[in-house]
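Student: Working from the sequences, and respecting the hints, build out all of it.
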Amino acid sequence: MSKINKYIFLGLLVFSINANADKFVSIGDFADQMVVKHGFEKSQIISWISQAKRKQNIIRLMTPPRRTPGKKRRGRPWYKYQGKFITRNHIDNGVRYWRRNRHILKRAEKKYGVPAEIIIAIIGVETRYGRNKGGFRIIDALKTLSFDYLRRADFFRQELEHFFLLAREEGSNPLRLKGSYAGAFGIGQFMPSSYRNYAVDFNGDGRRDIWNNHADAIGSVANYFKEYGWQKGEPVMKATQVRSSNAAETLLGLKFEPRYTLAQLKRMGARYNGNESDDTKVMFVDLRTRMGTAYWIGFKNYYVITRYNHSKHYAMAVYQLSQEIARIYEERYN
Amino acid sequence: MKKDIISLVLIAVSITACSSNEIKPTVKAKPVVKKIVKKATPKVVVKKPTIKQQPFVVRNKPKKRVVRNYMAQGSASRYRLIHNGMKTASGEIYDLYGMTAAHASLPFLSKVRVKNLRNGRSVVVTITDRLYDNSKLIKLSYWAARKLDLIKHPSRRVLVKTF
Numbered sequence: 015m016s017k018i019n020k021y022i023f024l025g026l027l028v029f030s031i032n033a034n035a036d037k038f039v040s041i042g043d044f045a046d047q048m049v050v051k052h053g054f055e056k057s058q059i060i061s062w063i064s065q066a067k068r069k070q071n072i073i074r075l076m077t078p079p080r081r082t083p084g085k086k087r088r089g090r091p092w093y094k095y096q097g098k099f100i101t102r103n104h105i106d107n108g109v110r111y112w113r114r115n116r117h118i119l120k121r122a123e124k125k126y127g128v129p130a131e132i133i134i135a136i137i138g139v140e141t142r143y144g145r146n147k148g149g150f151r152i153i154d155a156l157k158t159l160s161f162d163y164l165r166r167a168d169f170f171r172q173e174l175e176h177f178f179l180l181a182r183e184e185g186s187n188p189l190r191l192k193g194s195y196a197g198a199f200g201i202g203q204f205m206p207s208s209y210r211n212y213a214v215d216f217n218g219d220g221r222r223d224i225w226n227n228h229a230d231a232i233g234s235v236a237n238y239f240k241e242y243g244w245q246k247g248e249p250v251m252k253a254t255q256v257r258s259s260n261a262a263e264t265l266l267g268l269k270f271e272p273r274y275t276l277a278q279l280k281r282m283g284a285r286y287n288g289n290e291s292d293d294t295k296v297m298f299v300d301l302r303t304r305m306g307t308a309y310w311i312g313f314k315n316y317y318v319i320t321r322y323n324h325s326k327h328y329a330m331a332v333y334q335l336s337q338e339i340a341r342i343y344e345e346r347y348n
Numbered sequence: 002m003k004k005d006i007i008s009l010v011l012i013a014v015s016i017t018a019c020s021s022n023e024i025k026p027t028v029k030a031k032p033v034v035k036k037i038v039k040k041a042t043p044k045v046v047v048k049k050p051t052i053k054q055q056p057f058v059v060r061n062k063p064k065k066r067v068v069r070n071y072m073a074q075g076s077a078s079r080y081r082l083i084h085n086g087m088k089t090a091s092g093e094i095y096d097l098y099g100m101t102a103a104h105a106s107l108p109f110l111s112k113v114r115v116k117n118l119r120n121g122r123s124v125v126v127t128i129t130d131r132l133y134d135n136s137k138l139i140k141l142s143y144w145a146a147r148k149l150d151l152i153k154h155p156s157r158r159v160l161v162k163t164f
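Residue numbers (this note's numbering), protein chains in the order written: chain A, 15 to 348; chain B, 2 to 164.
One should not assume that every hint holds.
[Said to hold, decoys possible] Taking CB as the label site, the calculated pair distances span:
id	chain 1	residue 1	chain 2	residue 2	range
1	B	Ser136	A	Pro83	27 to 37 Å
2	B	Arg157	A	Leu189	52 to 62 Å
3	A	Arg273	B	Lys153	37 to 47 Å
4	B	Asn120	A	Ile73	40 to 50 Å
5	A	Lys192	B	Ser106	52 to 62 Å
Note that these hints are calculated values from the structure, not bench results.
For clarity, every value in this text was computed on a predicted model and none was experimentally measured.
Idealized CB from N, CA, C, for every residue including glycine.
Tutor: Right, here's the structure in full:
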């Protein structure tokens with residue numbers, strides 16, 4: 015009986031994976047596309063891809079945790095996520111990183127209008143200030159995720175395309191570049207498409223080396239934020255009260271984008287006490303703290319941080335880490 | 002020529018007089034203004050709108066203040082969860098992850114060091130609120146209290162000190 019159940023369950027699992035997976039494209043077809051679109055040699059592409067390995071642990075890392083049907087998953091609360099990034103270590107190293115790269119950061123702040131502490135916090139959360147850039151070959155990760163794992167294959171196939179273009183433009187060997195298990199690389203963990211669109215040469219040596227050069231990495235992160243519409247001097251998020259728990263529920267039903275005006279949110283039951291004008295575009299954020307659920311108003315800049323990684327916890331972690339770093343830095347050096 | 006100059010000066014004086022107490026110009030001053038304005042050239046009259054009430058402008062931020070030689074010991078309380086997003090007496094919004102505090106007398110936006118005398122941990126907080134509880138010395142934000150380990154042991158004595 016239990017065996018039968020297991021098979022049914024497995025069948026369901028396979029079915030559900032297939033239901034929301036992207037369509038499979040063979041390596042040959044992909045290579046053909048690369049030839050037509052960008053004039054690569056087909057044999058070259060095939061040889062690169064065939065030299066890449068399919069990594070089972072990448073698939074395991076990318077698979078979301080299984081859900082029990084019918085039960086609403088609440089996910090990990092914010093305070094557990096917070097405990098991983100808002101630590102003594104992260105803050106102290108961030109302050110030191112700021113001190114070490116203060117001239118570069120000042121220049122980036124001036125040129126792109128993004129505060130130094132935000133750039134530092136991003137780099138800190140992504141790779142612990144460049145210490146953990148990922149040990150997978152990018153080509154292994156992208157091959158596995160575009161041909162052997164179909165959940166987001168379309169996205170990763172595009173990234174693979176960008177990756178080959180990147181290697182050609184930069185004149186580097188695609189088999190040697192390293193990154194994370196999702197194909198992100200460098201001190202700021204850029205995806206290949208982001209690298210091609212937003213990475214900048216910030217130390218003036220003519221190369222965009224975000225693997226080893228902190229100036230280029232800092233400039234690239236700042237440019238990424240600027241391109242996604244970072245508003246200089248504007249707030250990121252501010253705490254708010256809500257009129258009732260019912261109001262909180264309706265507010266949480268909203269989209270995770272700053273497409274509502276403050277006036278709209280106030281009408282729906284947010285009791286916000288700031289002086290921002292009523293037509294400011296904002297979004298509603300809830301976080302589970304150790305004491306209970308608390309609420310914030312996220313502004314455009316909050317949304318820009320989520321463009322780096324689409325998660326409310328990620329954005330809050332970056333923001334809070336940046337605040338902690340800035341506080342200590344000011345105490346110590348100003 | 003001389004008359005003109007005198008009248009101009011008079012106008013200037015009357016204008017400044019008006020603007021200084023624009024709400025209630027004295028009864029005496031009124032006829033004087035009218036008389037001279039009639040005589041004066043139109044150019045001068047154009048200047049009159051300066052008397053109009055200026056639009057109300059909110060000052061950006063109160064000035065940072067530094068207090069010296071303040072030191073006190075006492076017990077601390079902390080804000081509750083529902084206070085997240087509340088408007089404090091200084092006008093800033095209370096954020097539970099901020100490093101702020103309420104105090105009975107210290108000026109707003111002044112910074113003080115708060116030390117937990119039991120474990121020696123200390124934090125720097127900004128005064129943003131007024132405290133009306135005589136039994137407590139200071140009321141800390143959640144995050145500040147947490148850093149001092151006052152969540153588990155709320156009744157520890159603290160030392161509040163300016164730099």
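Student: Should the hint that B:Asn120 and A:Ile73 are 40 to 50 Å apart at their CB atoms be regarded as holding?
Tutor: holds, 47 Å
Student: Per the hint of 37 to 47 Å, is the separation of the Cβ atoms of A:Arg273 and B:Lys153 within bounds?
Tutor: holds, 42 Å
Student: Mind checking the hinted window 52 to 62 Å against the Cβ distance between A:Lys192 and B:Ser106?
Tutor: 59 Å Cβ-Cβ, so the 52 to 62 Å window holds.
Student: Look at the Cβ atoms of B:Ser136 and A:Pro83 and judge whether their distance stays inside 27 to 37 Å.
Tutor: For A:Pro83 against B:Ser136, whose Cβ atoms are near 54 Å apart, the range 27 to 37 Å is violated.
Student: Has the hinted range 52 to 62 Å been met by the Cβ atoms of B:Arg157 and A:Leu189?
Tutor: Check passed, 59 Å falls within 52 to 62 Å.
Checked against the numbered hints above, the structure breaks only hint 1 and satisfies the rest.
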